[in-house]
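Next come the chains, spelled out residue by residue.
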Amino acid sequence: MAITPVAQPTESVAKWEGSVEELRGLVSDRAMTGETLLLNMGPHHPSTHGVLRLLLELDGEQIVTCMPDIGYLHTGIEKNIESKTYEKGVTLTDRMDYLSPMSNNMVYCLAVERLTGLDVPERAQAIRVICLELARIASHCVWLGTHALDMGAMSVFLYAFREREFILDMFEMLSGQRMMGSYFRPGGVWRDLVPEFLPALEKFVDFMPAKVGDYESLLVSNPIWIDRTQGIGVVEPEEALNLGMSGPTLRASGVNWDIRKAEPYSGYDRYEFDVPLGEHGDVYDRFFVRMQEFRQSIRIIKQAMKALPGGPFRSQNRKFVPPPRAELGQSMEAVIHHFKLWTEGFSAPDEEVYVSIESPRGEIGCYLHGTGDNKPRRVHFKTPSFMHISALGAMSKNHMLADLVGIIGSIDCVLGDSDR
Amino acid sequence: MGVVSSKLGNLGVVTTSLEDAINWARTGAMWPLLFGLACCAIEMMSTQASNYDLSRFGMELNRASPRQSDLIIVAGRVTRKMAPVLRQLYDQMASPKYVLSMGDCASCGGVYNNYAIVQGVDEILPVDVYVAGCPPRPEQLIHGILTLQEKVKTERWTDWIKG
Ligand code: SF4
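Chain order of the listed sequences is S and Z. For the first sequence, my numbering begins at 802 and goes up steadily by one. For the second sequence, my numbering begins at -2 and goes up steadily by one.
Keep in mind the hints are simulated off the structure, nothing from the lab. Please note: incorrect hints may appear among the correct ones.
[Unchecked claim] Derived Cβ-Cβ restraints for the label pairs, each shown as a range:
#	chain 1	residue 1	chain 2	residue 2	range
1	Z	Glu120	S	Trp991	27 to 37 Å
2	S	Ala1011	Z	Ala129	37 to 47 Å
3	Z	Thr13	S	Asp860	49 to 59 Å
4	S	Asn1057	Z	Glu120	43 to 53 Å
5	S	Phe998	Z	Glu136	37 to 47 Å
6	Z	Glu147	S	Ile1027	24 to 34 Å
[Said to hold, decoys possible] Within a straight-line C-alpha distance of at most 30 Å, the following computed DSS-like cross-link-like pairs (lysine-lysine) qualify:
#	chain 1	residue 1	chain 2	residue 2
7	S	Lys1004	S	Lys1103
8	S	Lys1004	S	Lys885
9	S	Lys1107	S	Lys1141
10	Z	Lys78	S	Lys889
11	Z	Lys78	S	Lys1183
12	Z	Lys78	S	Lys1176
13	S	Lys880	Z	Lys94
14	S	Lys1198	S	Lys1120
15	S	Lys885	S	Lys1141
16	Z	Lys150	S	Lys1198
17	Z	Lys78	S	Lys885
18	S	Lys1141	S	Lys1120
19	S	Lys1198	S	Lys889
20	S	Lys1183	S	Lys885
21	S	Lys1107	S	Lys1012
22	S	Lys880	S	Lys1120
23	S	Lys1198	S	Lys1107
24	S	Lys1120	S	Lys885
[To be verified] Computed footprint of chain Z on chain S; a stretch qualifies when at least three of its residues, placed anywhere within it, have a C-beta under 8 Å from a C-beta of chain Z:
#	segment
25	841 to 848
26	949 to 960
27	975 to 982
28	1054 to 1064
29	1145 to 1154
For each residue, glycine too, the CB sits at the ideal point set by N, CA and C.
With these hints in hand, go ahead and build the complete structure from the sequences.
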């Protein structure tokens, strides 16, 4: 059957970026003759979750090539951290993966702690675990709400954000900020749990399982939801590993890889939890795995709450951690430490470390290279969204354009995370 | 009173000035562009979600198309790569159009004084209201929007001709 070209190729393609020749090799040859259509999706598009731009080659409604173009949110965070002392760097890491700032804080603090050999008290570790799991729940709430919204299920968004607000209120109790708390600091956390935190947390773990049940009852057996998600964007386990996937997106393909289990940090080995796995690696399984993770996170929080150790909430090593205010009036030493740490910070050796943790999106890693001075030479973050966005092309091949929206939602990408 | 009597077929008479009537209509149904850049956009979403419910101020409809929207909330940091896109979106909006700069990054570059970030969206767009904060709380954003509505209410017809 002869296909009539819909648009004159030279015209529609040339508008994109100078020359048609630039596209040769990136898109199929059929696009050159105008047999297939080139379409630009984003960077302003409601379902690309931020400023992701996709260049699509379409054969009718079918996707032939999907090329992600990132960088619309490149902020230069890594470069900025190089000009800050180690403790000030924490503030900037908040703004990378803005759906779970705590995970970014965590990976950066772990890297600094490993570089300098700083100890973290038990209580601080447990507080960190509680916060990380709360952050995971909050992040999954946003994912669930927006993913469902993209697929036409409006009400889930409103419910999921209601619970997220509760978590943000708890973060505000701890750090004074709803989202960008910078609560984790090298050596522990900024301050101890405030008295009203634990009762609020107890209330939260009591009501949250029922709310997760509510979300599930809206979606799990909803025929429209199933039709739009099952069998879409399938990734085989080997392919998933080759594409560098991690986190729930990888586990939905059935690969049992969770850094909390594989390389426990912050005392995760002390808690009992399961790693939910999918079977088919499609959009539905990725949804399903994250829904299970809600429950597992609550389980971890319950255990951490029960076994919350006493003691200091931050390392007592005064070469790295400023003394509390009360000490300043009594000890000259404390005044000196305070002055030193707040003016020039602490220094770290000229060595390199790489630390990775399990963020709600997958493996987030921090490479940190010290200089022997008070600022790092190089900081680099290996982020899950970057990996997952680069896998979009493989995942969306031969799917309908409308399914692409579901696939983007299912990898839960955050552009701040990928572009930094 | 007017509504009830008009439903009963008894049409009352309201006298007002054209300016007041139009400004009233503009403030009461100002549709923002569905557009988010970075972290601030998440707080913007919270503002529209259950707890803060922006629909109370006539903003329940976020339009994804710039042609159908009156207000662009620049929520987040504007990078050099994004700036031309943002300007194009603004140019595509129909007058009257308003710009609200949400957050420190959009207002002045925030903590990112570096090679990648436009140091304030006012370098490329005329901003009506700035909202400070990193990210601003939903209450702050609502306050910004109410401030904008106050501003719109005081517009005179001479401004429309100029604008
Ligand atoms: S002002 Fe803060 S929260 Fe808003 S975009 Fe900038 S860094 Fe993110």
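Hints, verified against the model:
A hinted range of 27 to 37 Å for the beta carbons of Z:Glu120 and S:Trp991 is consistent with their spacing of about 35 Å. Separated by about 38 Å at the C-beta atoms, S:Ala1011 and Z:Ala129 satisfy the suggested range of 37 to 47 Å. In this structure the supplied range 49 to 59 Å holds for Z:Thr13 paired with S:Asp860, their Cβ-Cβ distance being about 57 Å. With their beta carbons about 50 Å apart, S:Asn1057 and Z:Glu120 fall inside the hinted range of 43 to 53 Å.
Take S:Phe998 and Z:Glu136: their Cβ atoms lie about 22 Å apart, and the range 37 to 47 Å is violated. At roughly 48 Å, the beta carbons of Z:Glu147 and S:Ile1027 sit outside the given window of 24 to 34 Å. Using a Cα cut-off of 30 Å, the hinted pair S:Lys1004 and S:Lys1103 holds, with the two alpha carbons roughly 11 Å apart. For the proposed pair S:Lys1004 and S:Lys885, the alpha carbon gap of about 39 Å is over 30 Å, so the pair is violated.
For the given pair, S:Lys1107 sits about 38 Å from S:Lys1141 by alpha-carbon distance, which is inconsistent with the 30 Å threshold. For a cut-off of 30 Å, the pair hint linking Z:Lys78 to S:Lys889 stands: about 27 Å separates their Cα positions. Distance check on the hinted pair: Z:Lys78 and S:Lys1183 sit about 22 Å apart at the alpha-carbon level, within 30 Å; holds. Proposed proximity of Z:Lys78 and S:Lys1176 is supported: the alpha carbons are some 29 Å apart, at most 30 Å.
Between S:Lys880 and Z:Lys94 the alpha-carbon distance is near 36 Å, which puts this suggested pair outside the 30 Å criterion. A C-alpha spacing of about 55 Å is found between S:Lys1198 and S:Lys1120, which places the hinted pair above 30 Å, so the restraint is violated. For the suggested pair S:Lys885 and S:Lys1141, the alpha carbons sit about 15 Å apart, so the restraint of at most 30 Å is met. Simply put, Z:Lys150 and S:Lys1198 have alpha-carbon atoms about 51 Å apart, too far for the 30 Å limit, and the pair is violated.
Annotation: proposed proximity of Z:Lys78 to S:Lys885 holds, straight-line Cα distance about 25 Å (limit 30 Å). For a cut-off of 30 Å, the pair hint linking S:Lys1141 to S:Lys1120 stands: about 9 Å separates their Cα positions. Restraint check for S:Lys1198 and S:Lys889: the C-alpha separation of about 43 Å exceeds 30 Å, so the hint is violated. This hinted pair checks out: S:Lys1183 and S:Lys885 have alpha carbons roughly 20 Å apart, not beyond 30 Å.
Taking the CA atoms of S:Lys1107 and S:Lys1012, the gap is about 22 Å. The hint holds against a cut of 30 Å. Pair hint S:Lys880 plus S:Lys1120 holds up; C-alpha atoms about 26 Å apart against a cutoff of 30 Å. As the CA atoms of S:Lys1198 and S:Lys1107 are separated by approximately 48 Å, the hinted pair breaks the 30 Å bound. For the hint pairing S:Lys1120 with S:Lys885, the CA-to-CA distance comes to about 18 Å; that is within 30 Å, so the pair holds.
Using a Cβ-Cβ cut-off of 8 Å, 4 residues of the segment 841 to 848 of chain S lie near chain Z, which meets the minimum of three, so the contact claim holds. Judged by the Cβ-Cβ criterion of 8 Å, the segment 949 to 960 of chain S is covered by chain Z as claimed, because 3 of its residues qualify and three suffice. Judged by the Cβ-Cβ criterion of 8 Å, the segment 975 to 982 of chain S is covered by chain Z as claimed, because 3 of its residues qualify and three suffice. A count of 0 residues in the segment 1054 to 1064 of chain S with a Cβ less than 8 Å from any Cβ of chain Z is obtained; the coverage claim is therefore unmet, three being the minimum.
Check result for the segment 1145 to 1154 of chain S against chain Z: violated, 0 residues qualifying (beta carbon to beta carbon below 8 Å, three or more required).
Hints 5, 6, 8, 9, 13, 14, 16, 19, 23, 28 and 29 from the earlier list are contradicted by this structure; the remaining hints agree with it.
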